[in-house]
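Number of protein chains: 2
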Amino acid sequence: MVEHSGLDIMCLNKYGPSSSSSSSSDAEKKLFSKLKVSLTKRYPQKNAETLSAQYGTNLLLIGVSVMLALAQHGPAVKEEHLLTFITVLMLMQLVWMLCYMIRRERERSPLPERDAHAGTSWIRGGLTMLALLSLIMDAFRIGYFVGYHSCISAVLGVYPIIHALHTISQVHFLWFHIKDVIKKYETFERFGVIHAVFTNLLLWCNGVMSEAEHFLNNHRRRLTALGYANISTVEVEPHCNCTTSVCSMFSTSLYYLYPFNIEYHIFVSAMLFVMWKNIGRTLDRHSNRKRPSTRSPGLLLGPLLGLLALASSVTVLVVYLIHVEKSEQTREAAISMFYCYGVVMLACMCGASGAGLLVYRVEDWPMDTGQNPSRTLDTELLLGSSLGSWLMSWCSVVAAAATAGRSSPSFRWTCLAYSLLLVLEKCVQNLFIVESLYRRRREDEAMAPEIFSVTAPYDGIVNRAYETQDKRCAPLDAEQSENRQGFGRKHADVPLHAGNRLNVTAGRKRQILKNITIFLFMCNISLWILPAFGCRPQYDNALEQETFGFSVWTTVLNVAIPMNLFYRMHSVASLFEVFRKV
Amino acid sequence: MVEHSGLDIMCLNKYGPSSSSSSSSDAEKKLFSKLKVSLTKRYPQKNAETLSAQYGTNLLLIGVSVMLALAQHGPAVKEEHLLTFITVLMLMQLVWMLCYMIRRERERSPLPERDAHAGTSWIRGGLTMLALLSLIMDAFRIGYFVGYHSCISAVLGVYPIIHALHTISQVHFLWFHIKDVIKKYETFERFGVIHAVFTNLLLWCNGVMSEAEHFLNNHRRRLTALGYANISTVEVEPHCNCTTSVCSMFSTSLYYLYPFNIEYHIFVSAMLFVMWKNIGRTLDRHSNRKRPSTRSPGLLLGPLLGLLALASSVTVLVVYLIHVEKSEQTREAAISMFYCYGVVMLACMCGASGAGLLVYRVEDWPMDTGQNPSRTLDTELLLGSSLGSWLMSWCSVVAAAATAGRSSPSFRWTCLAYSLLLVLEKCVQNLFIVESLYRRRREDEAMAPEIFSVTAPYDGIVNRAYETQDKRCAPLDAEQSENRQGFGRKHADVPLHAGNRLNVTAGRKRQILKNITIFLFMCNISLWILPAFGCRPQYDNALEQETFGFSVWTTVLNVAIPMNLFYRMHSVASLFEVFRKV
Chain Y
424 MVEHSGLDIM CLNKYGPSSS SSSSSDAEKK LFSKLKVSLT KRYPQKNAET
474 LSAQYGTNLL LIGVSVMLAL AQHGPAVKEE HLLTFITVLM LMQLVWMLCY
524 MIRRERERSP LPERDAHAGT SWIRGGLTML ALLSLIMDAF RIGYFVGYHS
574 CISAVLGVYP IIHALHTISQ VHFLWFHIKD VIKKYETFER FGVIHAVFTN
624 LLLWCNGVMS EAEHFLNNHR RRLTALGYAN ISTVEVEPHC NCTTSVCSMF
674 STSLYYLYPF NIEYHIFVSA MLFVMWKNIG RTLDRHSNRK RPSTRSPGLL
724 LGPLLGLLAL ASSVTVLVVY LIHVEKSEQT REAAISMFYC YGVVMLACMC
774 GASGAGLLVY RVEDWPMDTG QNPSRTLDTE LLLGSSLGSW LMSWCSVVAA
824 AATAGRSSPS FRWTCLAYSL LLVLEKCVQN LFIVESLYRR RREDEAMAPE
874 IFSVTAPYDG IVNRAYETQD KRCAPLDAEQ SENRQGFGRK HADVPLHAGN
924 RLNVTAGRKR QILKNITIFL FMCNISLWIL PAFGCRPQYD NALEQETFGF
974 SVWTTVLNVA IPMNLFYRMH SVASLFEVFR KV
Chain V
424 MVEHSGLDIM CLNKYGPSSS SSSSSDAEKK LFSKLKVSLT KRYPQKNAET
474 LSAQYGTNLL LIGVSVMLAL AQHGPAVKEE HLLTFITVLM LMQLVWMLCY
524 MIRRERERSP LPERDAHAGT SWIRGGLTML ALLSLIMDAF RIGYFVGYHS
574 CISAVLGVYP IIHALHTISQ VHFLWFHIKD VIKKYETFER FGVIHAVFTN
624 LLLWCNGVMS EAEHFLNNHR RRLTALGYAN ISTVEVEPHC NCTTSVCSMF
674 STSLYYLYPF NIEYHIFVSA MLFVMWKNIG RTLDRHSNRK RPSTRSPGLL
724 LGPLLGLLAL ASSVTVLVVY LIHVEKSEQT REAAISMFYC YGVVMLACMC
774 GASGAGLLVY RVEDWPMDTG QNPSRTLDTE LLLGSSLGSW LMSWCSVVAA
824 AATAGRSSPS FRWTCLAYSL LLVLEKCVQN LFIVESLYRR RREDEAMAPE
874 IFSVTAPYDG IVNRAYETQD KRCAPLDAEQ SENRQGFGRK HADVPLHAGN
924 RLNVTAGRKR QILKNITIFL FMCNISLWIL PAFGCRPQYD NALEQETFGF
974 SVWTTVLNVA IPMNLFYRMH SVASLFEVFR KV
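Chain order of the listed sequences is Y and V. No gaps in the numbering here: position 147 of the first sequence is 570 in the working numbering, and each next residue is one more. No gaps in the numbering here: position 318 of the second sequence is 741 in the working numbering, and each next residue is one more.
Check the hints yourself; a few may be wrong.
Same chains, same names: a pair is fine if it fits in one copy or spans any two.
Said to hold, decoys possible - Quick list of in silico lysine-lysine cross-link-like pairs, DSBU-like style, CA-CA up to 30 Å:
# : residue 1 : residue 2
1 : K700      : K749
2 : K607      : K1004
3 : K607      : K469
4 : K469      : K749
5 : K501      : K607
6 : K932      : K1004
7 : K469      : K932
Don't read these hints as lab results, they were simulated from the structure.
Work the whole structure out from these sequences, hints included.
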């Protein structure tokens, strides 16, 4: 070890013939030279982690504090300041990504280590779609700037250009590098990755804030129109006329694209966070195999019910948005309708998740305990993002209980039921998703200690034997099994029979689970669509506002609704993962 | 495996001579009986964790939503409701603790597994002190209730009695059971422990809310007295006269005891959380040894400077509290004084932590990577609780920058410097603490694979040899070494010499580290005392309020100040741990 010899030299000096004072100054010189070596040497991992996490957090907090100042509409802090800050951060991320890609290109190590669980191809595909919508949004922003360029700051034009560039290169980065396990220049790359994580988080925060402000302004305008309140809305309009005819079209369309942009940024930051966690990690070759996705026969009830849920949600959304703006009566009717719809929907979802859990209780599949930062993060994010909507629900419960006995709107009881079901539904669904992610299929276990070949196209020997046997008892699958029959091998009779029987019931259970998963998947999409496009009865029902006051309740909503939106999108992604895995 | 045979039975039915429909109904019967067995059997650990975490979180959120409603001072939700809820939770925790202790008593397994790292004796001692102060607070509350019993709810009398009972039995539980690693009735105990964790967290929230409200009322009264604003304060006074003469004494003294009660509850919940994490854990015998604490010669500069810091803090506190209530001039002078004091203090702390990090860079002690939930939690809590005060600091920076060029108070620049230094100080101190917690002493490493005896009173053979050699080059330690000389054993010459030299420089570095740690320890106590007892210039300086508005800024402060208080106390505890370990 290097440090040993260094220490020896220092200590030898102590024992040399020179006087104590000169030896100590000598030792100090050595100490400084050693320090220089030590600072340029590899920095301990734990410290690098802490340091980079602190760097990223502070970046985010700077941005958040500027946003808070901006929300006050004071004279000193303007939107330009915030956008300049974000633009600089995006440029820094661009430079880092470029450096990283060039270095990777130069290295050309034959097989760089890659984490098979990080960023599956379907999630990258989904993100590419979201990124495309973000690019359209940037185009609208540029169009808006062109129309008003004579009287608004140039930053508002530069920002969407840089953002578009950032989006394109980030998607490229996600496709080709997100699975990389970095083992070189760890400390430097750690800062680069965490910078990217928090830049995306900041972009998410910015989107959430813009959307919340827009929604709140709409809400106030609506309240004023209905004669409830007379709160002046603060909307900053440019002080000149638009030179093109489509400016107002641009600015209104923007708000329909915001939800996609918001989800895009938070998902990217979650993926980059997994990459950060993977830096310097030694992969376990056994657990780092990708599971092939399973066939899905007998999918009928789940997708059908799911489509029904989706269709009814869109109907509810349209009816709600039309009716809530009209008179007092239609407003109350629209809110009642929403809660009734919600109660039915959530009850079905609770039932489905509960049934899924029961299937797991019957089927004693073993748990998978391998290390997998991606899965750990998924679990934590699910639980963490539930917090917001749980708080919102409990506040509704308290409000419904507090207004008991007084002249309260007709939907008070359905609101109470809706809130309680929302809490229950998230609990049960979280349990179902977590259990599904941590379960291992039985054949995995049987195969795991035997086969290490990464190139094997199917699940392995034991599995193929199962499939061959499958044909005997389930002739419907004949076509698919036929192709693989040639690979089938006979084992001893007893395990084969056991496997055979196992497979029959397991197949039926798997079918149930698949149906449940696809149903939940579509329900979660429905419940994302509603608040994302403006159906937020929590603002309109005036029940909670009475108990908590306007400012506390809007603060709660401004925190809870973005968390809830993220929760829904995140469970959609997790449920898709579960669907492929079951 | 049990489940295997169960599956076999079901599958055999399939292959029996009965018709398909009857066999399926048979299979369903079996399924249900199997389900019954499976539900009563051991529940998978991951699920039990998720379920219990969700239970606890929702308990807390119910409490928080009631608190939010309470903060509005509406007619429906009263303090009695909240206190009843908390009392019920405390009673449930009491029942669980009783059950647990009785069961443990009955079992009498010769050596229950215990996690050596959880709840060291000095932290339990500290908590006992805090608990005593909490008991005094309960006594005051009971006295207050007795005085006003004719016109206030009985809940206000029951609550302190149950709280006192809860405190006493919880301290008993901490002393005798906090290190237990639970391996029986895991699912049930998991719920019990998490219930205890969140009951304490809720008590913490309640304390924080009461204190914040009290402080805000004081602040408003002060502003009104100075003629700044005319905000009516909402303080609920009982509607009758006190029957004893000391009621007002009770109610004012309460607020001096709040800070201790608050710290007590959050520390207990952190310790119980470690216990929850330990449930079902298999301890690694090697890493689960307690490190003996080291001797500390040459402690002079650190404690002296620390005492100086402590004394000056108390002075600043007293001067601040007196001057801030007087005229406009003295108010501004008091705030200026606070910021100047803060800049000097934080600069010294940055210097000290930085020096500590440099010592670590020179000394290449290996990292300790053993599993240790207690340490992981410490690290995460340090980083997590820094967030609040970082946000506060960045807001101050933004405010100072935004008010530039306008007529601003004289302390604007010192406020800016103070805020930036606060961010830097927390970053560097966190790095120092994290690195210290994850470092291993060299002799540990040398000894680790050789000695497993838990009863060895000293560090082991190698270490004793060092100590004996120590005497030759450092005759000052003669007395201490003399006692142990008898145990000294001669090894081969070469390692001895290396060890000897190593020890000389290592001893000096350790001395530096000890001094730094004790200095930081006292500085953190100082910085806890100031806000805990009312020195909060963030309220008084009106700088941030101008930029962020009253409601946003008080929300930020109400979140950030309790987090900051916890951060200071937590780093005091961590630094004590570091001090014993270095």
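Hints, one by one, checked against the model:
1. Taking identical chains as interchangeable, the C-alpha atoms of K700 and K749 are never at most 30 Å apart, the minima being 51 Å within one chain and 54 Å between chains.
2. Neither within a single protomer nor between protomers do K607 and K1004 lie at most 30 Å apart by alpha-carbon distance, with minima of 33 Å and 33 Å respectively.
3. In this assembly of identical chains, the alpha carbons of K607 and K469 lie at most 30 Å apart only when taken from the same copy (16 Å versus 34 Å across copies).
4. Neither within a single protomer nor between protomers do K469 and K749 lie at most 30 Å apart by alpha-carbon distance, with minima of 59 Å and 49 Å respectively.
5. Taking identical chains as interchangeable, the C-alpha atoms of K501 and K607 are never at most 30 Å apart, the minima being 41 Å within one chain and 60 Å between chains.
6. Proximity of K932 and K1004 under a CA criterion of 30 Å is satisfied intra-copy only: 13 Å inside one chain copy versus 54 Å between copies.
7. When the C-alpha separation of K469 and K932 is checked against a cutoff of 30 Å, the pair qualifies only between copies, where the shortest distance is 21 Å, while the shortest distance within a copy is 44 Å.
Violated hints for the displayed structure, listed by number in ascending order: 1, 2, 4, 5.
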